[in-house]
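Colleague: These are the residues of each chain, in order.
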Amino acid sequence: MGAQKKGATARVSEDPEELARHPLQAILLADSFTTKFRPITLERPKVLLPLVNIPMINYTLAWLESAGVEEVFVFCCAHSKQVIDYLESSEWSSQPNFSVTTIESHNSISAGDALRLIYERNVIHGDFVLIRGDTVSNMSLTQALQEHKDRRKKDANAIMTMVVKQSKPSPITQQSRLGTDELFMAINPVTKQLLYYEDKAEYSKGFISLDKTLIADNPSVILHNDKQDCYIDICSQEVLSLFTDNFDYQHLRRHFVKGLLVDDIMGYKIFTHEIHSSYAARIDNFRSYDTISKDIIQRWTYPFVPDVLCGSSAIKVERQGTYRASDVTLSRSAQLGSFIFIGQGTKIGNDTKISHSVIGERCTIGSNVTIEGSYIWNNVTIEDGCQLRNAIVCDGVILKSGAVLQPGVILSFKVVVGQQFVVPAYSKVSLLQQPTQQDSDEELEYADSTSGTGELRSDKLNGDIAPDLSETASELGTGGVGYIWKVFEGAYDEEWRHSVAPIPTDKLVKLMLDRDEDEELLTQDGNVISASGELKTDSDGNGSEDDDNEDSRDDYVSFEKEVEATFLRAVHENVKVDLAVLEVNALRLSYNMASVDCGGAIFYSMMKLAVESPHNSASELHRNAADIVTTWQKLLKSFLHDIDEEIEVILKFEEMCLESAKDFAALFPQILHLLYDKEILQEDAILRWADEKEGADESDKVFLKRSEKFIQWLREAEEEEEEDE
Amino acid sequence: MPDTQALVNDFLNKLKKRKIEGSQATAKQTAELLRSVISQTRMPYTNQAAALIHSVKAVGERLIAANPVELAVGNVVRRVLHIVREEDLSLTTAAMAGLNLSAESDDEDDTDRDNHPALSAAAIAAASRSTLRPPSLQTLLEDVPDSAAVPHTSSSGGDSEGKSKSADKSSRSRKLKHDVIEAVNELIQDISTCHELIAEQAVEHIHQNEVILTLGSSRTVLEFLCAAKEKKRSFRVFVAEGAPRYQGHLLAKELVTRGLQTTLITDSAVFAMISRVNMVIVGAHAVMANGGVIAPVGLNMVALAAQKHAVPFVVLAGSHKLCPLYPHHPEVLLNELRSPSELLDFGEFSDCLDFGSGIGAPLLHVVNPTFDYVPPKLVSLFITDTGGHNPSYMYRLIADYYSADDLVLERRTTSGN
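If you read the protein sequences in the order shown, they are chains B and F.
So in the working numbering, the last spot in the first sequence is 987, and the numbers never skip.
So in the working numbering, the last spot in the second sequence is 477, and the numbers never skip.
Keep in mind that the hints were calculated from the coordinates and are not lab data.
Take the hints with a grain of salt, since some may be wrong.
Computed list of lysine-lysine pairs in DSBU-like fashion (alpha-carbon distance at most 35 Å, straight line) [claimed, not checked]:
id, chain 1, residue 1, chain 2, residue 2
1, B, 578, F, 437
2, B, 411, F, 437
3, B, 769, B, 520
Chain B is faced by these chain F residues, among others (derived, beta-carbon under 10 Å) [claimed, not checked]:
id, residue
4, 283
5, 287
6, 290
7, 425
Between beta-carbon pairs, the in silico distance windows are [stated by the list, open to error]:
id, chain 1, residue 1, chain 2, residue 2, range
8, F, 429, B, 609, 27 to 35 Å
9, B, 595, F, 408, 56 to 64 Å
10, B, 285, F, 256, 39 to 47 Å
11, B, 352, F, 404, 29 to 37 Å
12, F, 429, B, 946, 34 to 42 Å
13, B, 609, F, 404, 51 to 59 Å
14, B, 509, F, 122, 26 to 34 Å
15, B, 892, F, 317, 32 to 40 Å
16, F, 408, B, 767, 20 to 28 Å
17, B, 837, F, 331, 55 to 63 Å
18, F, 404, B, 385, 35 to 43 Å
19, B, 838, F, 122, 51 to 59 Å
For each residue, glycine too, the CB sits at the ideal point set by N, CA and C.
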């Protein structure tokens, strides 16, 4: 009380900026307004789903509390009653200096609606933290807040600070480790102002376009693709009123952020704050659920790790990242691998193998069960001999003996899988039937918000669930209960991207191949835009006319070009030989070439590189070639499996010396010797080449004659060997 | 009561979130909290000690659960429990003495007791300690007659109940609480002055032109070294930086500002440098009953290096760091694993931690333990605020500070009380 009065008197004297001594507030959106976690979110709100056995919202609240936030407004929409009930019964309702207030809405269908509603309530009085209930972080807010306030003092238009973190996207899948699409951000390196934000870049186009004024107005701009948006925003009050003014703002990023960046009338600015040592990430899809669970188990989120959050007496960390509650019944022969979590009251039977998994409370796991990379929630029964790989299994599920879950399976609440039944990969199984009114519109993203009614639907369903089930029991084997949701057309392609299971290797190879095509085109011509144009003609060419001989010749030429570009890139970027082999292999598959062609093409590119690198004399050229051959001999050799392929290389070389690289003509025998020395060519191959050439035209024999000495020597050596034997 | 409840919750929260760093601060705050818990406890007419013990235990249990890694919390809780028992006992013995002196009438007892202030609680506690405990080396040396007729297992609560009939209840209850609070105040005082007490002994251990090695940063070590410096000793200090938190850097900076000749080395250079070192002086996180030390990570390596080159390995520890438990006790959580981000930059390594490809499991695992366990045989000397001790003597020292009844603070025992 006294302190407050003091604050009030101080207000008069100090300047108006300083008077903003409000308790730090936060808005927590306890609804993702997406359907990515369906079918689970039909029955339980996303924020209450357990993340390493603790509801997600607890991580967010614990972080807010430790970051010094004093007042949190939790906006609930879907399943609002469950969220409110949970918060009321949890420790959060009775914290000193940390109040959690819930705001309920039944008709908000987007984050925009939520913020408009909060604006109407008029509860936010100063800067606030805007966060989702599915964000895990351990960053300190002090510095970011201070930066935000300082900027505000200088420029009232700096209304938002976004927290970003370095995280390299996978070059193959073009997505981050959290399963979100590669994000492009243009940031002014000095002021940290955000100038461009694009999370839905179209790779098919192969380029992103920046406004030219952006470059003109800023002395320096850095375009990042290795930043991850943490979805933690420090906002000023204006943000709320902006949402109210622009009633069409729905999505925080897609509409609001992009809207502000494009709009130059109002001149509002968004800045970024990069965190380095601390952690922040948002669970956006099943892949990020998997990734963040593993990060938590590896303690990147310390002190928000299970043993600290639950009190260490309940859960102990053992060697190799094993978290075990105090009363787990473990068979002597059970094998627990590393990075696992086992909750209270769980029983595990004989010879069961568990690794990289989270197992909730009061689960019963039989004998000879294999569990890998799976998330098993509470009260699950798994009978003998089941196999689970990279699956999510919700509360109350029963797996009858011998059931198998293939990677990426989601079993929603209380599903029963019949004996020996194999649930196919990426299937989503629920007791609730798949909602029928599916349109693949963008609008669908928000449909989760109607699950306020979804809840009702489920209640209704509960009544007549029994008759339904008898009909569909066959869907999950004998005694199975639940519906396998159908995957929509088109969506299947993307299913593996966001699932809990790691991306299958065949997809990776396919992606790598696609990427090579793109990069190839880029390297052919420095100009990005024309490259994209070429991509079109190229794909047309490949796609439409594919049956005549001329074309296969063309194919070979373009294949050779691709290999050459790949090789050059490998040389310039120091790519590992293994990777280069993989890439060339991928190219071979896509062009339907034999490995003979690969060997030839690689050799061709190597020699071409040697010729093109600067040299004055023949001996220097020889040295160049020797260097390159030495460095990349492994690459070349991995495509030369038999003598025919080796002969092909010699022929290729001959051809080169005649046509494209005449410099080599003089060096032919030396290079041949070099290849022999490096064991790239066997003597049999050279001799057979010589034999074949024996009967050819005189003109064709030029090189044979030149290398006569060498071949002679080889023959003698062979004879000697034979004599030795 | 709600007042203390809020305090307790607040403190619990801080402990849980690991917001209090350092055993001394934790110990002090725990003692202060327990003091207010004691002062708020309503005293019943009979068996007051038991009531106090009960309320302290109830709070203490929660505090320990909040951060079991910080053993200082448990130590202070047990110290306070011990204080309650001792004060209760001293009052009882005082009452008995009063009874013996004026056996004629019960009425005189009252005045008698008031005449007794000369017999301070502490003195009686010391006397009773000797009567209640199996003969300690100290008591033997001090030559106090060991008339231990009362076995130490006998519940002091029962004792007091039996004897309190004679004593004036209201005054006694006030007296007990008052005495306990006084003693807890002394404990707080002890905790806050332990650095000075330890530092006073510095001159006896650090000699002219010696080379001292330490790892990481400890306030006790800093004060110790500075005290020697102030006494005009000139010596050199090697500071191992103490990865991954590099607190050695701060210590080195602090030492230099105090005018000490300082050399900063990496942890991995310790073995190479140890042959030039005369003495290793380090702080501890906790000292266990067997004389083993739970110390910042890296110290076991230093201790082994010191042993190899026969360099004395000296551990400085305030008495609040003495833990009555053995390291194999199931309640002792030896270590805490902190965030790997202290070791490496997440952003730089984010591609190694991509679970989307490959086997779907991280190939990179970063382990960042906070503590090491240094076995007693590697420690040459402990310097506590009561002086220097051999590791094998620690259990005796601990027996002076804690009651055997309090070693296990579980709900089971509280309900049994």
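Colleague: Does each hint hold? Answer for all of them.
Modeller: Hints and how they fare:
| no. | hint | verdict |
| --- | --- | --- |
| 1 | B/578 - F/437 | holds, 28 Å |
| 2 | B/411 - F/437 | violated, 56 Å |
| 3 | B/769 - B/520 | holds, 32 Å |
| 4 | 283 | violated, 29 Å |
| 5 | 287 | violated, 35 Å |
| 6 | 290 | violated, 37 Å |
| 7 | 425 | holds, 7 Å |
| 8 | F/429 - B/609: 27 to 35 Å | holds, 31 Å |
| 9 | B/595 - F/408: 56 to 64 Å | violated, 41 Å |
| 10 | B/285 - F/256: 39 to 47 Å | holds, 40 Å |
| 11 | B/352 - F/404: 29 to 37 Å | holds, 35 Å |
| 12 | F/429 - B/946: 34 to 42 Å | violated, 59 Å |
| 13 | B/609 - F/404: 51 to 59 Å | violated, 38 Å |
| 14 | B/509 - F/122: 26 to 34 Å | violated, 50 Å |
| 15 | B/892 - F/317: 32 to 40 Å | violated, 57 Å |
| 16 | F/408 - B/767: 20 to 28 Å | holds, 26 Å |
| 17 | B/837 - F/331: 55 to 63 Å | violated, 40 Å |
| 18 | F/404 - B/385: 35 to 43 Å | holds, 41 Å |
| 19 | B/838 - F/122: 51 to 59 Å | holds, 55 Å |
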